[in-house]
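The primary structure of each chain is shown beneath.
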Amino acid sequence: MTDAIVIVGAGHAGGRTAETLRAAGVTAPIQLIGAESYPPYERPPLSKDLLTGKIAVEKTYIQPAAYWAEHDIALVLDAPAAALDRAAKQVRLSDGRVLDYATLVLATGGRPRRLSLPGSDSGRVRYLRDIEDTRAIRAALGPDARLAIVGAGVIGLEVAASARALGAAVTVLEVAPMPLGRVVDRALGEWFMALHRGHGVDMRMGVSVQAIRDGAGGAVLELADGATVAADLVVVGIGIVPNAELARDAGLTVDDGIVVDQFGRTADPAIFAVGDVARAFHPTVGRHVRLEAWRNADNQSRAVARVIAGGSEPYVEVPWMWSDQYDINLQVAGLPSAVDASVRRGTDDKFTVIQLKDGAVVGGVTVNQGRDMRPLQQLIAKAAQVDAERLADPAVPLAQIAKGA
Amino acid sequence: MAEDWHKVARRSELAEGEIASATVGDKQVAIYLIDGEVHATDNICTHAFACLSDGYLENGIIECPLHAGRFEVKTGKALGAPVNVDIAVYAVKLVGDDVLVKLG
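Protein sequence lines correspond, in order, to chains F and Z. Residue 406 in the numbering used here sits at position 404 of the first sequence, with consecutive numbering throughout. Residue 1102 in the numbering used here sits at position 7 of the second sequence, with consecutive numbering throughout.
Excised from the complex, chain F in its bound form (with noise of 0.2 Å):
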């Protein structure tokens, strides 16, 4: 019988997995299983440095391309999983081949939810989820490029700000009243709006798509109020869908996403899920969350890496995720939630807010200041009760508050 860890998706997490694994001591063969051509890389360089042409591909890696040979970790890529069969433990991928597993880790990810709109199959709609996608982009992207972008979420406000570094023209198309709303409060969302307007973006918010259309000169969006939008690209952003069609299929329990529990765990003793497609429990805020970011893509991986390995601790992490666009970084912690109150702290352009639910801190966010960003997930770890009058004074560090919680 063989003691082989195999691993289904060779991203961020798949990639982190391995490399846990290997550094943990574990000597069983490992392999890496990716649907892309790329070895495991990084994604949020794809919306933002990447695209703008600031760096090469290379930077996005996470190892060095020799490291998986070198930790005798096989990186087998282009290679698609096609079906999994949990009885006989046996992973089949569409090119034919079948690999037996001992452990199987699924690290399959996400891919964009698409636009399904008369029209929308167009050459012009482009979506980003990966290298590929990115250069893409930047290859009809220039100083002279009318750039539609549909979704105001973070995918779509980077493109934005990249776009326009990039110097073309730039509309964005939101359905919901606000930027951003799955991230930040209305407050926020209006302080971002402001800020692409200010950049130079065309903000539309409330408005929806009905059609996209091919002209001679370009793409035409029509809207539901009438107007329309002609674009050399469209760029969409409007969430991901999760990669869990070969857990589901296998009979494992997928409820957007493999549910697993808080050492990553499914039903099956012998298969873990990890990353974007981990609908994980998470002691932090007590209940399963599926969580699209870096931080849980590398230390959720981590985690469960080391209780395969034999370790015994849980994923306990603050959920957090940034967004860098123009010279503004945002970074938000703890998931949005019904609050009772928000405090503010700083000024209008560098600033801090503390969510509070029931006198207790469930979250926050930070505009250009990072620095509060600790102390802000130390005390929503503790659920910490503080005062708001204190919280709001600016003469008290965040971190002292933090500290004395």
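Hint data in this document are derived by calculation from the structure and do not stem from the laboratory. Some hints could be false.
[As the list claims (entries may be wrong)] Using 27 Å as the maximum straight-line C-alpha spacing, the simulated BS3-like pairs for lysine-lysine come out as follows:
#: 1; chain 1: F; residue 1: K50; chain 2: Z; residue 2: K1122
#: 2; chain 1: F; residue 1: K405; chain 2: F; residue 2: K384
#: 3; chain 1: Z; residue 1: K1122; chain 2: Z; residue 2: K1197
#: 4; chain 1: Z; residue 1: K1188; chain 2: Z; residue 2: K1102
#: 5; chain 1: Z; residue 1: K1197; chain 2: F; residue 2: K56
#: 6; chain 1: Z; residue 1: K1169; chain 2: Z; residue 2: K1188
#: 7; chain 1: Z; residue 1: K1169; chain 2: Z; residue 2: K1197
#: 8; chain 1: Z; residue 1: K1102; chain 2: Z; residue 2: K1172
#: 9; chain 1: Z; residue 1: K1169; chain 2: Z; residue 2: K1122
#: 10; chain 1: F; residue 1: K384; chain 2: F; residue 2: K352
#: 11; chain 1: Z; residue 1: K1188; chain 2: F; residue 2: K56
#: 12; chain 1: Z; residue 1: K1122; chain 2: Z; residue 2: K1188
#: 13; chain 1: Z; residue 1: K1172; chain 2: Z; residue 2: K1122
#: 14; chain 1: Z; residue 1: K1197; chain 2: F; residue 2: K405
#: 15; chain 1: Z; residue 1: K1122; chain 2: F; residue 2: K352
#: 16; chain 1: Z; residue 1: K1102; chain 2: F; residue 2: K61
#: 17; chain 1: Z; residue 1: K1172; chain 2: F; residue 2: K61
#: 18; chain 1: F; residue 1: K61; chain 2: F; residue 2: K50
#: 19; chain 1: Z; residue 1: K1122; chain 2: F; residue 2: K405
#: 20; chain 1: F; residue 1: K56; chain 2: F; residue 2: K352
#: 21; chain 1: F; residue 1: K50; chain 2: F; residue 2: K352
#: 22; chain 1: F; residue 1: K405; chain 2: F; residue 2: K359
Based on the hints, put chain Z in the right spot on chain F.
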């Protein structure tokens, strides 16, 4: 050589646990006071363009304000993703109230 040393701060103006910054030629320097000792590193994170002097200092570790990369101030050692390149550490000497660092 004497000219290798550059004044970057006054010792009396450094506060325990806080970070000062200075520009010397094309280099940016972060100056730290940790347990009464002065330390200096390059001020620009090795991961992305950010000033460590805007970061969070705790237990001798500086955390970058942009993406939370962490470095040990005394050694410059990068403490894991997203940073994997150490930060340059500069020698420090005190002459009277002047804090001098040796660059390059």
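### Message
Check whether the Cα positions of Z:K1102 and F:K61 lie no farther apart than 27 Å.
### Response
Outside the cut-off at roughly 35 Å; violated.
### Query
Is the Cα-Cα distance between Z:K1169 and Z:K1197 27 Å or less?
With a Cα-Cα distance of about 15 Å, the restraint between Z:K1169 and Z:K1197 holds, given a limit of 27 Å.
### Message
Please verify whether Z:K1188 and F:K56 have alpha carbons no more than 27 Å apart.
### Response
Violated: Z:K1188 and F:K56 sit about 37 Å apart, past 27 Å.
### Query
Has the given pair, Z:K1188 with Z:K1102, been kept, meaning a C-alpha gap of at most 27 Å?
Holds: Z:K1188 and Z:K1102 sit about 9 Å apart, inside 27 Å.
### 27 Å limit on alpha-carbon distance, applied to hinted pair Z:K1169 and Z:K1188
Given that 27 Å is the threshold and the Cα spacing comes to 14 Å, the pair holds.
### Query
When you check the alpha-carbon spacing of F:K384 and F:K352, does it fall within 27 Å?
holds, 25 Å
### Query
Holds or violated: Z:K1197 with F:K405, Cα cutoff 27 Å?
At roughly 35 Å apart (the allowed maximum being 27 Å), F:K405 and Z:K1197 break the hint.
### Task
Could you grab the alpha-carbon distance between Z:K1172 and Z:K1122 and see if it respects the 27 Å cut-off?
holds, 19 Å
### Task
Measure nothing beyond the straight line between the CA atoms of Z:K1122 and F:K352; if it is 27 Å or shorter, mark the hint as holding.
Status holds; Cα separation ~25 Å.
#### Entry: Restraint check for Z:K1197 with F:K56, where alpha carbons must lie at most 27 Å apart
violated, 31 Å
#### Entry: Hint consistency between Z:K1122 and F:K405 [alpha-carbon to alpha-carbon, up to 27 Å]
violated, 34 Å
### Query
Is F:K50 close enough to Z:K1122, meaning Cα to Cα at most 27 Å?
It holds: about 25 Å lies between the C-alpha atoms, which stays within 27 Å.
Checked against the numbered hints given earlier, this structure breaks hints 5, 11, 14, 16, 19; the rest are met.
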